[in-house]
Amino acid sequence: MSAAPAPPPAGPVLAIRGVTKAFGPREVLRGVDLEVREHEAVALIGASGSGKSTLLRCIDLLEEIDDGDVFLDGEVITDPAVDPVAVRRRLGVVFQSYNLFPHLTALQNVVLGARHALGVPREEAERRGRELLARFGLAGREDDRPDSLSGGQQQRVAIARAFAGRPRALLLDEVTSALDPELVGEVLDAVRRLKEEGMTMLIATHEMSFAREVADRVAFLHEGRIVEIGQPESLLSDPRREETRRFLRRLLEAGRI
Amino acid sequence: MLDGFWLDVKLFMAVEAAVLVAGLVVALVRHSRAPALFPLRLLATVYVDVFRGIPTILLVYLIGFGVPALRLSGLPTDPVVLGGIALGLSYGAYVAEVYRAGIRSVHRGQRDAALALGLTEAQAMRHVILPQAVRRVAPPLLNDFVALQKDVALISILGPAEAFRIAQVIQGQTFNYTPLIAAALLYLLVTVPLARLVDRMGGAEGVR
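Line by line, the protein sequences give chains A and B. Be aware that the first sequence starts at 1, since it is given in this note's numbering, and climbs by one per residue. Be aware that the second sequence starts at 1001, since it is given in this note's numbering, and climbs by one per residue.
Note that these hints are calculated values from the structure, not bench results. Just so you know, not all the hints are guaranteed correct.
Per label pair, the in silico range of CB-to-CB distance [as the list claims (entries may be wrong)]:
id	chain 1	residue 1	chain 2	residue 2	range
1	B	1034	A	189	40 to 48 Å
2	B	1101	A	30	35 to 43 Å
3	A	76	B	1101	37 to 45 Å
4	A	75	B	1034	22 to 30 Å
5	A	254	B	1034	39 to 47 Å
6	B	1194	A	140	37 to 45 Å
7	B	1046	A	137	53 to 61 Å
Even for Gly, the Cβ is constructed at its ideal location relative to N, Cα and C.
Work out the full structure, taking the sequences as your base and the hints as a guide.
Here is the structure:
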């Protein structure tokens, strides 16, 4: 409940403490602890179904957690008294299957949040929207609808859309998993650019080489808990935990590393 | 008879406009999740169940003859108005269900993406879900309107001089079926272009 804009908080941008989430009898998150500091990119790795997407959805309050707390800039956001709409305006999400709005053009997709959630005047929102699209290599595609764009272009529009609200942190959910292999590179380039600009990010990913390159830390989610977290080099090359080793070995065997 | 048909067309347009709005309101109420709206949601569900379940002709009878029989002041007694209300209640229930099917057909990820941008539930509905839903259900909605345009003839049982009624009267006087055929052609004059419109919209949807 801070009134005046506070100085940049010294603590982590995102802090997740003991978060649990079950769907019926299925316990997906069993007490997740994780921090993401300012300008830090944390890669979240783990098998399909390990709860990576669920964790990101819980942070953006798209799912209600059962127990634990999530803090954004030191304020608890998972309290029932907190307005989820106000929280979501401070976060950005990029979804695995883009989820662009098919009835709107690329530019309209990018400016919708700024115009209606943040109340930015139309001209200003569109000027910045064009700028953002250009920055992600989409100049000239402003008036195209999603179905006339490639998967890679759609995902870059989605990244621009999530970034347009100047979020405190971006949550990226397997942003390359739905793409044809030859389109993965252009989307990873877009994420690299976000990293260069100092964006705070939590990135659920299957791309280990990408995690190694972009992430400051890598967290391994296994059976609903973060079982190991560390520098990409040490965690991916010399994991301490047996579960991590097994996971990486399976990826290696599947030719995914 | 042309005057009678003009009455049909005017009634059709008035009822259609009312049904488009009321159907949407009912669909939104039925789709809502807020606990506070539960009484309204119940009311909307009962409304759809009842008015979709009663034959339209019976509704026209019940309202057209029943409401004046109550002899309450303030209630309309004009058979055209009463007939229009009966048709509106019946078609409103159908159209509400068409809208609702459209809203439900929009992928959940669309709502997630809208909320993730910081839109409220209402804004997500208004800017993201409804525009897609309405586009999808435009063909079935038009289909219902073709049916409504024909069913306007049902108010003839209440006595107003609409096309079918006039055709019956002339036929009764002359023992000649030509007036009924003329009336049929008049209806086709409106319903066939509407049907072509449905086709074109369906085609456009396929291309998109």
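Hints versus structure:
1. B:1034 <-> A:189: 40 to 48 Å: At roughly 43 Å between Cβ atoms, residue 189 of chain A and residue 1034 of chain B fall inside 40 to 48 Å, so the hint holds.
2. B:1101 <-> A:30: 35 to 43 Å: For residue 30 of chain A against residue 1101 of chain B, whose Cβ atoms are near 39 Å apart, the range 35 to 43 Å holds.
3. A:76 <-> B:1101: 37 to 45 Å: 40 Å, holds
4. A:75 <-> B:1034: 22 to 30 Å: Given range 22 to 30 Å: holds, Cβ gap about 26 Å.
5. A:254 <-> B:1034: 39 to 47 Å: 46 Å, holds
6. B:1194 <-> A:140: 37 to 45 Å: 40 Å, holds
7. B:1046 <-> A:137: 53 to 61 Å: Given about 55 Å between the Cβ atoms, the range holds.
In the structure shown, no violation is registered for any of the earlier numbered hints.
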